[in-house]
Amino acid sequence: DVKVTQSSRYLVKRTGEKVFLECVQDMDHENMFWYRQDPGLGLRLIYFSYDVKMKEKGDIPEGYSVSREKKERFSLILESASTNQTSMYLCASSTFKEFKYFGPGTRLTVT
Amino acid sequence: AQSVTQPDIHITVSEGASLELRCNYSYGATPYLFWYVQSPGQGLQLLLKYFSGDTLVQGIKGFEAEFKRSQSSFNLRKPSVHWSDAAEYFCAVGLKTGANNLFFGTGTRLTVIP
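Sequences listed follow chains A and B, in order.
Heads up: the first sequence begins at 3 in this note's numbering, then just goes up one per residue.
Heads up: the second sequence begins at 1230 in this note's numbering, then just goes up one per residue.
Looking at chain A on its own, in the form it has when it is part of the complex (with noise of 0.2 angstroms):
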């Protein structure tokens, strides 16, 4: 079975602290996602990347960096936390054209 794990379920952070959520695959994937689920909104991608090294952003990177060091890593960083970035981070891992793998989410709180 694909595992596509997250570091944590829950986190809570204060405004303006610099923040790492971390998600890693198992299955030698090209492509990894990081995605934000707000009520009302659905999933929205923030960033993803193909390859090592390799991003773009997606629809809604304000805010938001990343880094892939390794291929089975994809770190995403909030490098000011704010409370309008409250919210469930989900990472997805995917080949090409092949369905994504979501990692169980990670429900980030700042206060």
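Treat each hint with caution, since some may be false.
What the hints assert, rightly or not - If you want a taste of the chain A side facing chain B, the calculated C-beta under 7 angstroms gives, among others: (1) Leu45; (2) Leu47; (3) Gly105; (4) Pro106; (5) Gly107.
Note that these hints are calculated values from the structure, not bench results.
For each residue, glycine too, the CB sits at the ideal point set by N, CA and C.
Given chain A, work out where chain B should sit, using these hints.
Leaving out everything else, chain B in the frame of chain A:
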């Protein structure tokens, strides 16, 4: 711009009743189509997908979906709902060109009454 519409925010059905969740998309060509389910506190699980060929696709947990090109729809169905089907359901569209992204609908929350 491509978009995915799930017109029903919340649906309530009785256990054993049939179910149909609606999904319409707007895109210039036939995209890849997906249905995902999300149980409370969980990530998304793929139910089924359509890439090409037979327009009626079977998925896991007894779900099926039918692609209708003329209506730009990909509705999800189940003949008899179980209490464990209570969850949130997302339709998604994948483009056949570009970066393998998915565009998601806003979701339909399903409540099952015993």
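To see whether the hints hold, each was checked on the structure:
For Leu45 of chain A, the interface hint holds, since its Cβ comes within 7 angstroms of a Cβ in chain B; the closest pair sits about 4 angstroms apart. Restraint check, Leu47 of chain A versus chain B: the minimum CB separation of about 6 angstroms is within 7 angstroms; hint holds. Using the Cβ-Cβ criterion of 7 angstroms, the hint placing Gly105 of chain A at the interface with chain B is satisfied: the shortest such distance is roughly 5 angstroms. For Pro106 of chain A, the suggested interface contact is upheld, since its CB lies about 4 angstroms from the closest CB of chain B, less than 7 angstroms.
With a cut of 7 angstroms, the hint placing Gly107 of chain A at the interface with chain B holds, because the nearest CB-to-CB distance is about 5 angstroms.
The structure agrees with every numbered hint stated previously.
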